[in-house]
Each structure stands twice: as C-alpha cells, then as structure tokens.
Amino acid sequence: MPAAPGRNAIEVRSVSKLFGTGEAQVAALDNVSVAIRENEFFTLLGPSGCGKTTLLRLIAGFDYPTEGEILLYGQDIAPLPPFKRPVNTVFQSYALFPHMTVGQNIGFGLEMLGKPKAEVEARVSAMLKLVRMEALKDRRTSQISGGQQQRVALARALAPQPKVLLLDEPLSALDYKLRKEMQIELKRLQNETGITFIFVTHDQEEALTMSDRIAVMSSGRILQVGSPWDIYDRPAERFVADFIGDSNFLPAAVGAIENGIARVKLLSGAEISATVAEGYQPKAEATVAIRPEHTTAVRTGGQLPGSVENVVYLGTDTHIHIKLDSGGNFTVRQQNMRSQSCGFEVGERVGIQIAANAAQVLKD
Amino acid sequence: MASGRTFDLRSQPAFSFVALFTFFMLYLPIAALVMYAFNAGSSMAVWEGVSLRWFYEAAGNERVQEAALRSAVIAMFAALTATVAATMAAIATTRTRPYRGLTFKYAFINQPLMVPEIVTAVALLIVFSRIKVWTGYSGLGYLVAAHSAFCIPFAYLPIRARLENMDLSLETAAADLYATKWQAFSHVTLPLLRPGIIAGFMLAFVISLDDVVITEFVKSGGQDTLPTYMLGQLRRETTPEINAIAVAFLLFSVVLVTAFFFVNRRKV
Amino acid sequence: MTSAAEIVTQVERDDVRARWLLSAPALLIIFFAAIGPLFVMLAYSVMVKGDYGDVRFGELSLDGWFSVLFQRDIFDDTIGLADAHLSIFWRSVKLSLITTLVTLALGFPTAYFIATRPPHTREVWVFLVTIPFWTNLLIRTFAMQEVIRNEGILNTLMIRLGVIDQPIQLMYTDAAILFGMVYVYLPLMVLPLYASMEKLDFRLVEAGYDLYATRLRVLWRIIIPLVRPGIVAGSILVFIPSLGAYVIPRVLGGGKSMMLGNLIELQFGAGRNWPLGAAISITLMAMVMLALLVYVRNAARSGAQHG
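Residue numbers (UniProt numbering), protein chains in the order written: chain A, 1 to 364; chain B, 1 to 268; chain C, 1 to 307.
In isolation and in its complexed conformation, chain A is listed as follows (with noise of 0.2 Å):
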C-alpha cells in the first residue's frame, strides 16, 4: 500500500552527474527525475554500476551535480556542504568511527550540531534503547559484531532526527538470515520514527518487501517507479521485467486497446488478452511479458503449443522448460502438490494456457 499522498520530502529535478573528461567522460546519472514523498519507504533498486548510489551521494551532498536540481521540502539544496543538510546516511560499510565507543558514534552528530551534553546523552539512550543495544554503549565498535554495527550505524544516522535517511545497501554485509531480521527493524524503526527513508539496493526481494515505492534504475536512467505490485506486475519495460523475477518475452501484434487491456496476437496465431504499460505508443510488433507461474502446462488445450525440453523439481515448484512450435522457449512453473509428480516427461508434447491479462505489453 503507498503511503498517503503527502508533501515531496526530496524533489530531484532534471539530474545529471557526470564524471571524468572529454573521451573518458561517463553519465553516471542521466537527466533523472523524481518525487520522493514525506514519510514513505523509497527504494532504488538497479544492478552495480545503474547509478543508485550516485544519485544517493548527490542528495548527501557528498558529490555535486553536474546539471539540475535537488530540492529538499522546496529548497534548493544542491550547493549545500553535507554538514549543513538535514539529512543523513547510513553507509554500506558503515563507517563507524573506530576509535569511539558505541555511545560516542551515536552521539557525534548531535555534539557536532552543538546541542547541551544531556540533551546529547539523553537522545543516545533514548537511540540504543530504539535499536536495542543498551548494554553496549561503552564497547568499542570493533568489539562488536556485524549485526550490532549496523545497528549503531542506524542509530547514529537517526540519532540527529534528520528529515530524510538514506541507507546505502546497509545489509548486504550481514548473512542471509540476520538480513531478514534487519528487513523487517528497518520497516518497525521507519514505522515508529515517521522519518523518510531512501533505500538503496541491487537486491529485487529487500526492495519488494520493504518499501512503499521502488524506482528502478539502469545506466544512469530511472526506468520505473511504482509500488512493488506496480513494478512486479506491471513492469514498464522489458528490463524491469527481466530485472525482478524472472518472465517469458514474446513478440506480439498489439490490436485495439480498450479500458488499458489489449487484444494481442502472439506468433502461434493465439489471441490473448493483456495489460499495456503506461507510456506505450503503438506500434508494428511490440514485446509481451508473462511470468512463469502465471501459465500452466496442460496436455490438451492451452494457447501455446509445444514440446517439453526439460523439467526442473526445485522443491516449492517445478520448471517446465518448454520449446515453442512458433520458435523460442518459455518457461512454466508449477506449484508442487504433495505426492503427485508434474508428469511431464522430456519430448512430450504440450500446450500453454496464459491466466487472463496475465501478459503485459511493453513500452519498448
């Protein structure tokens, strides 16, 4: 559910950072866009290299743009040093001083905006009893483990009550089963705070769980940004698509569109019908996405007709890996029922029956 439409908290406007000169020059940010609203969990989510965290140094203050504008509640931050921005971070390594205890690491904001020693001591107690670390106050942070530096990260980055928290892949040090827990402290403490976090991520899952809105970023660009249902099932294009989850693209002839659903064409001849992405422009022959588990093998029947080439037992489900008669391969997954094999066997022929809009028309 998105958050109630509120004020923007962060207004990016026509962005661009590059780096380097002449030849060598890069865009890691390409005229990117975006509203984040007060009080929501916004996620951008991308691979290495997309441009996500440069766009969450920029808003920092840690690097400057090259072209456009960052607003923060209406005003112009971009020339602002770090310092002097409400807004602070929590970094992917870190960073905790390590020659200060775990009290003085969550203090250092508030000592360095000069507020009274009790107000400071106070809010770190107040701090360490949010992230549940009361006993460790005086250890040293090479003294603790992975899980409770991260926590201490958090807590100093909250400590100074900033309006927005940008945390920069702040899990991906932690094993998979402490990344779970830190999941679902990370949503409680944005809860109980009300602050506004911009997470930044490479991992589909952590963004799907976890926030109000994604935007979903490649070289430079911002690609989609929706809730997570907007991105898993409605992807705009077909890097999306691929991106989060897994999906099946077929080439297709898109007929007339009525109330956002199409009557599409596939190659076999079938006709289906299909969501459309916002943004699409007709034209001669686009792309449909159709998620494996949305589709079921069947003997007879179906819209898709072909024959098995492989089949994968994983456990939950199976992979029916299928080679289409009108050319390609499509993937089917099954949800596995106790004691009843799938049935398939290699070579046998089959059809593939598509649930209802369950495709969506591509925008590119």
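One or more hints might be untrue.
[Claimed, not checked] Examples of chain C residues toward chain B, derived with CB under 10 Å:
| # | residue |
| --- | --- |
| 1 | V16 |
| 2 | R19 |
| 3 | A26 |
| 4 | L27 |
| 5 | F31 |
| 6 | G36 |
| 7 | V205 |
| 8 | I223 |
| 9 | I240 |
| 10 | G254 |
| 11 | G277 |
| 12 | A278 |
| 13 | S281 |
| 14 | N298 |
No wet-lab data here; the hints were simulated from the structure.
A virtual CB, placed ideally from N, CA and C, is assigned to each residue, including glycine.
Given chain A's structure and the hints, the job is docking chains B and C onto it.
Same frame as chain A, now just chains B and C:
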C-alpha cells in the same frame, strides 16, 4: 614436519644454512663491539676482564655530554619540523584524484632519498658557508634546516601509508553528521592518524640522530654531534670509550625502533 | 545564483589550492635545504676555483669539469687522462657491483628463509633484520672494524685455530670496504626481497612440483621469476648508496683506498678545488639517476607483465 622423510615443498637446499649464517654475520660485529666496551684495560688489543669503567669515562667526558645534548636538540627540532610539514604534505597528496602537480610533489618530497648524501652535503656546504659569511650567523639553525629537509621523506612515509589505508567514508560520515571540515579533521582524521604521526616523528628522530655525512659538512666549529664526534675519534688511536658510547647509542636506537614497530602496528 | 557546474569546478579549484598551501612548508624546506643547493653547486662547477677553497664568484671556467677525467702535466702542459680519478671511479663501480652481488647471494636465501617461517615467528626474524638496519651506520662500520682489524675477532680466532700465525692486514684495503658495505647494506637487500617473497603464492610452487620440476628448477623457473621485482629493488637499493658511500671507505679504507665520496671530500678539503668537487658530485648524481632510471623502466616492465 614430524618426519624428516616427508617432502617439504618450501625448503630449498642450503638456504636455511646461508640464512642462519647471515643472521650470525649480522650480529657478530655488534657482539664484538659490545664486548670490547666492557674491557677493563685501555687497549683495544688486549682483553683484561669485565668492567664498566669506559661507560663511566664516557658519561663523564664533557665533550661527549655536549655532543649528545646537541644531537638530541637538533633531532628534536628537525623531527618536529619535518613531522608537521610531512603531515600537511601527506594530507595534501593522498586520497585525491590526480591533479596537476601531484607527481611533481611526490618527486620533490622524495628527492632527498634519491641523491647521495655526500652530494647533498657538499652542496649544503657551498650554500651555507656563503650564507654564514653574509649574515654572520653560524648557529645550529643550519643543521636543523638540513636535517629537517632529509627527515621529511621519512616522516612522510608512515603518515601517508596510514592515510591511504584510512576508510574515506569515515570523514564522509563525519560530514554527514554535521561536522565541518575542521571538526571532521580534528575529531576523526587526526585521532586516526595519530599512530602514523608518532611513527613518522620517531623515524625522523632516529634518522636525524644517526646522520653523519651531512652534519660533518654543514656544522661550524665546535658543533659536533655524537656521530661526528665519534667519527673524529675513529681517526685517532681509540680506547674502549668509543665502544661504550656506541653501545649506549645502539641501545637507545633499539629501544626507539622497537617502540616504532609497536606504534606502527597499532590499529587505532 | 551560480549554476551547478560552476559550483563543481569552484569546489575542485579550491581543493587543489588548499592542497598546494598544505604542501608548501615541506616543499619550501626541501627546496631551501636540499634541492636548491644542488643548483648552486651546478653553478659552482663552472667557476674558477679560489686559492683557498671556494670559488671566484662570477668568473666562469670549465676547468672543474675538465679535471674530472683529464689532467695537464705541470711540466710540459700536455693533456693526459687523470689516472687517479679514473681508478677511483672504477673502484667505486667495481666495489658497488660486488657488494650488490654478495648481498644478493646472502640476502636471497635469508629472505626466503624468513618467508617460509610460520607467520608468528616471521615477524621476529624480520625484526632481527630491521634492528641493524636502523642502527647508526657509523656504529655498524665501527663494529665491522672490530671484526677485521689486526687484533680483531677474525684474526684472533684464526691465529688461535692455527690457520695463520700472522694477522692478515685487512684494514685500509678494498676488501675492508667490501666487508663493511656488505655488512651495512645487507638489510637493504633482505627487506625488499622478503616483501616480494611474502606475497609469493606457494600453490604455484606446488604446481611446479606437480609438473615434475625438481627443487632447483622450481627455484630457477618459478620462484626467481616471481620475485624478480624484489631482486631488482634490492639490488638498486644496495647499489645506489654503495656508489655514494663516504663513511665506510673513510673509516675502513682509511684514506688509502678511496671511493668517489672521499674524492669529493678531498676537493672541498685539502684539495681546495671546489669546482672539481662540484663536477664530480654532479657526475656521481648522474650515475645514481641512471641506475634509478634503469630500475624505474624495469619496474614498469615487470608491472606490465604481471598487471
């Protein structure tokens, strides 16, 4: 290896033998030096039993006292100057994208390491002797200046290494947490850099203390440091007094080097 | 209102300026008390020598440079090679080369020995090499004198053992200088060698044995090529100070067996020929630069091979 018959991948024939011989060779002369310092007799040739006589004589020798004090004063001033300059230079030349003049700075700072000491020594003799005539000043300033210059690359080395190993995101984090540039430096960079600075200072101090050649050419009359005093004494018929001085000097160096080793290894 | 791009360039420009200001003290000290004087010396090398040392300021002459290699006969004014100088040049190069080879022969097995110790004892061995390295050069030279002088340990021991009955005169010979330089510069060979051997991947040695190489061949074909950068670095670190040695030949050579450093001193002292001294100094510096150049090119090449 429990059994001699197993094939040790790492061993090479006779290498261990040569290595142990080398270590023996490294310490034999020092052992000889130390041994003669405890000789009771006044001749370097004949062993007349153990005594601390020459240590007392050396300690009571006014010229030795003066030279030792002068060495310490010069080393202290030179190491301080060099460490401050080297720290600033290290901050200016690390953790940055290459900028125009950076390579020039590296070359400049390391230049004293590249030129044979005797060459620098006579070049300084030429310049300083003329300045002495012009200004009439012939104090310890020349020695301090010369020592500062050749100590800079040594002080620079550990400080720069420490800076380069420092996590850049720590200062970024400080800036993120409302520390101004100066606050980030004094609260984060400097405390983390401290072991490097101490190591640099100690290194510079030892280098200045050890210098013979440049001091020998730059010093004015009556400005002997401990090494130049010893060099002068070696020309004459020597007594074990010089061994005693050398042993004391040696002991001091060993203590400093050991301390340096531990400071440089410290994490925070 | 300044544009974003202007802010970026302004920030970068300010940063570079601050960096120049920060490095200024170090650069000025080194300029005043190390590099600047070298240029003054260059100027002195082309002036007329003063009667009691120094130069006649402003009077130009190439006599200093001429005298580096040639001399004018005092009686018939014919020009001949300055044999004394040439033999000192030759001795310096020869002794430095031999020192480099001997330290390599001793240092390579030593570094290898240290590198193959268990990690916790390794540090102790390295420390044992470091201690003499940081000990005063004069003291180490003096310590070597204690070993090789006529009443020293070496001669005493050999007489006691009956190997010789008269002490061998080692002091004030080329051999004495060689002993001293090998002893003094040995750590400079061991430390860089060890640094590159420490990084040696012993799985490659295993692979060598697996492919039927003998111990000697593993050493020759695998270990030595892999630690070559260390060999080159160590050799250059020993060769350069050997070439410019002053204290060791002064103490152990005793003015009979001179090297370039002593020849330079002589011109500024009893020789009273500062232009000649300056010219020899510059020649020595040029030789050192040449050696460094060889090293840098070598390092660049091996860097390209491995990188």
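Here is how each hint holds up against the structure:
no.: 1; hint: V16; result: holds (5 Å)
no.: 2; hint: R19; result: holds (4 Å)
no.: 3; hint: A26; result: holds (4 Å)
no.: 4; hint: L27; result: holds (6 Å)
no.: 5; hint: F31; result: holds (8 Å)
no.: 6; hint: G36; result: holds (7 Å)
no.: 7; hint: V205; result: holds (6 Å)
no.: 8; hint: I223; result: holds (8 Å)
no.: 9; hint: I240; result: holds (7 Å)
no.: 10; hint: G254; result: holds (9 Å)
no.: 11; hint: G277; result: holds (6 Å)
no.: 12; hint: A278; result: holds (7 Å)
no.: 13; hint: S281; result: holds (4 Å)
no.: 14; hint: N298; result: violated (16 Å)
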